[in-house]
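Colleague: Here's the letter readout for the chains.
Protein chains: 2
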Amino acid sequence: MEYSNYFSEHTKSMKSSLIRELVASTKSIPDLISFAGGFPSPKTFPKEALAEIYAQVIREEGHDVLQYGASEGDNLLKEQLLLWEGYERLTKDDMLITVGATNAIYYYARTMLNEGDVVLVEAPTFLGSLVALNALGAEVHGIPMDEEGIDIDSLRSSLKKLRSEGKKVKFLLSIPDFQNPSGITMSEQRRKDLIRFAIDNELPIFEDNPYSRLRYTGEHIPTLYRTAYEYFRNTSIVTEAVSFSKILGPGMRFAFVKGDKSIIEKMCSWQQKINVTPDCVTERVVGHFLKQGLMQPHLDRICEHYKPYLQTMLDALEREMPSNVMWTRPEGGIFLWLWLPEGFNCDELFEKAKEHKVAFIPGSKFFPISEEQYNCMRLNYSFSSLEQINDGIARLAKLIKSL
Amino acid sequence: MEYSNYFSEHTKSMKSSLIRELVASTKSIPDLISFAGGFPSPKTFPKEALAEIYAQVIREEGHDVLQYGASEGDNLLKEQLLLWEGYERLTKDDMLITVGATNAIYYYARTMLNEGDVVLVEAPTFLGSLVALNALGAEVHGIPMDEEGIDIDSLRSSLKKLRSEGKKVKFLLSIPDFQNPSGITMSEQRRKDLIRFAIDNELPIFEDNPYSRLRYTGEHIPTLYRTAYEYFRNTSIVTEAVSFSKILGPGMRFAFVKGDKSIIEKMCSWQQKINVTPDCVTERVVGHFLKQGLMQPHLDRICEHYKPYLQTMLDALEREMPSNVMWTRPEGGIFLWLWLPEGFNCDELFEKAKEHKVAFIPGSKFFPISEEQYNCMRLNYSFSSLEQINDGIARLAKLIKSL
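Top to bottom, those sequences are chains S and E. Our numbering applies: residue 1 is where the first sequence begins, and numbers increase by one. Our numbering applies: residue 404 is where the second sequence begins, and numbers increase by one.
So that you can see chain S by itself, here it is in the shape it has in the complex (with noise of 0.2 Å):
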């Protein structure tokens, strides 16, 4: 039997991922330091609790837990949710419990595109999305970014030249917070911009939030959803998906979405038909983890376990990298990114830097099909040690330098 006939066109089109084949590339190299995943570090993993509530859970509750569970969430997880987060004026038909935040992309996506449509991201973003969104039929647009967040003179011009063009225009996807993979956070004030330019021009933003709760230094910024919700008293225009990937770890299939109840209901239609149900003991178990009250001590201490990675890897920056290398400063997350002047392509540079046994993320990977710039890569700050953040950073100086 020869399936390739068999296939759909967007399966004939459909790429491997490049990230996993540059990453297995380098597996073989010995001592070589990589800043090129997106894993959290294993040390931040809250395993004693864990064990015990996943034991406690299918003991007292394996009758419901290990039953089928309703495609729009479990209950208690779903109430303790809204009470962590505190939004009063939202109720439980306003959340999704989904398999991670990259299942809600796909399901908020698959509710919204027809072929051809357009997806307007930040550009540089998430390799993932733009996978997910591409075998969906979408037409990906960038739009620049500066240290303040999306551009929204750039945002305005693109939507207005694409919907006299006669395109739709279906959603905006932005990852406010220590952006993957720029670092980038939206200013407040450019928040306030954003979604104003939404709701006056009818651009639902998805909101993709993996980050926002692991901030090192300085001071929380409401994320686009809770701007949307305080300051216009609008829980329509964002739809926002939290990650605990980031958090408790990404071995739990587990994420929330909150947005517009249509919206909602319709992706959990297709989560009927996807996936029936999340997991639910996993489901049960993160809102017993949430119930306990063990949320708010585990996330101090992650960012303070994060904190001097970071600091480490931008020390390491400053005093290695020639003065025409810049980079951005974030204050939380994982990932910083990496400017080298022009003509500099990063996809060779990958290849010359295996060989002095570091490994980072080209650039290029991360802006929508045609838009890609090459002088630029992305640096990952949580998985590696100290010693390897200063190692790793004065062997891409050194070969940087040599260029």
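Don't read these hints as lab results, they were simulated from the structure. For glycine and all other residues, C-beta sits at the position ideal for the given N, C-alpha and C. It is possible that part of the hints are untrue.
[To be verified] Cβ-Cβ distance ranges computed for the label pairs, FRET-style:
no., chain 1, residue 1, chain 2, residue 2, range
1, S, E230, E, Y471, 53 to 63 Å
2, S, S13, E, W487, 29 to 39 Å
3, E, D496, S, E60, 37 to 47 Å
4, S, S13, E, Y471, 37 to 47 Å
5, S, P341, E, R423, 56 to 66 Å
6, S, S370, E, K595, 44 to 54 Å
7, S, N324, E, E518, 26 to 36 Å
8, S, K15, E, V426, 39 to 49 Å
9, E, S557, S, K261, 25 to 35 Å
10, S, E230, E, E790, 49 to 59 Å
11, E, W487, S, N324, 53 to 63 Å
12, S, E230, E, K446, 44 to 54 Å
13, E, D496, S, Y68, 47 to 57 Å
14, S, Q56, E, S665, 37 to 47 Å
For this one, chain S is given, so just place chain E on it according to the hints.
Modeller: Frame of chain S, contents of chain E only:
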């Protein structure tokens, strides 16, 4: 923000779950006996063993299972599944772990279907697959069954007709063991005939297998996948999804798929985009449940548990039903199928049955659109007590006799 204009065509045409609505309409009726659902008995959940394994896995392997896992599925689990099923010629690359069997069907359909492509199904068949296939834009045609399973002559003439019309028939969906909803099990000879036909006509088969290990009497028959593997040395024509929902508990979202490497690879690509991975904790827990040798004794226990429930329903039907009512006599699984004389309409009967405090799923819901038959119903015997089965069948028979 009014979202209805932003929804995709598929989302706009999506219907909410009929079974959910039917079941919801019976929830407030006191003392109602329901044969409508498809829930396993919570008495079959191996809570103690699972509680211990969950705690141990988190404590000892938490650094690993709470981290991002492979989209292909957990290695330990895949090794254990290969040993458990005893397929010596297969490797881990022939398998994919998914979030559940519905999820596996979705990935498979997403891999194969363009808008308007045809899927053939047994008529009647699992409603969850029908709605997922419809939401993907498939054209679904039913093939009748007799007591030995799918009718090969009908399959041949339908396939010929559809192909002569230029339709792309992408696959046949079959549930050969204790089929949902009919309870029919395909005979061994029919399985061989079907595989032969499928190979000769290049018709891929997706085998949905939630029930084959729930046999309470009679002789085990090899699955379609195993029939192809053993009699035809073919590991390509059948893709089999094995659900653990009726074996361990549907709250643990997990299933596994075996099939041609090229299909598995593409399904894995969709998994990367839709869910990233299944729940890694759940995967490893199931792996250890198998590794500790707990599965076979557990299966023996649940088959012993369910056996009297099936027998009680068969006896009650024999005792209570008028002679013009017919039903299937499964030897396992959790459903059987009832035929009333032609002219009866079980959609209407459902409303009257609620007044008599008994519920079922009208058979029409299990046929492809515009192929509905109305004088039939599905009855579940895994969730009610023995007393409820006797009383409920008596209520239903009394109602039918009164019409």
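Colleague: Evaluate each hint against the coordinates.
Modeller: A quick look at each hint next to the structure:
no.: 1; hint: S/E230 - E/Y471: 53 to 63 Å; in the structure: violated (34 Å)
no.: 2; hint: S/S13 - E/W487: 29 to 39 Å; in the structure: holds (37 Å)
no.: 3; hint: E/D496 - S/E60: 37 to 47 Å; in the structure: holds (40 Å)
no.: 4; hint: S/S13 - E/Y471: 37 to 47 Å; in the structure: violated (26 Å)
no.: 5; hint: S/P341 - E/R423: 56 to 66 Å; in the structure: holds (59 Å)
no.: 6; hint: S/S370 - E/K595: 44 to 54 Å; in the structure: holds (52 Å)
no.: 7; hint: S/N324 - E/E518: 26 to 36 Å; in the structure: violated (51 Å)
no.: 8; hint: S/K15 - E/V426: 39 to 49 Å; in the structure: holds (42 Å)
no.: 9; hint: E/S557 - S/K261: 25 to 35 Å; in the structure: violated (45 Å)
no.: 10; hint: S/E230 - E/E790: 49 to 59 Å; in the structure: holds (56 Å)
no.: 11; hint: E/W487 - S/N324: 53 to 63 Å; in the structure: holds (59 Å)
no.: 12; hint: S/E230 - E/K446: 44 to 54 Å; in the structure: holds (49 Å)
no.: 13; hint: E/D496 - S/Y68: 47 to 57 Å; in the structure: violated (31 Å)
no.: 14; hint: S/Q56 - E/S665: 37 to 47 Å; in the structure: holds (44 Å)
The structure shown violates the earlier hints numbered 1, 4, 7, 9 and 13.
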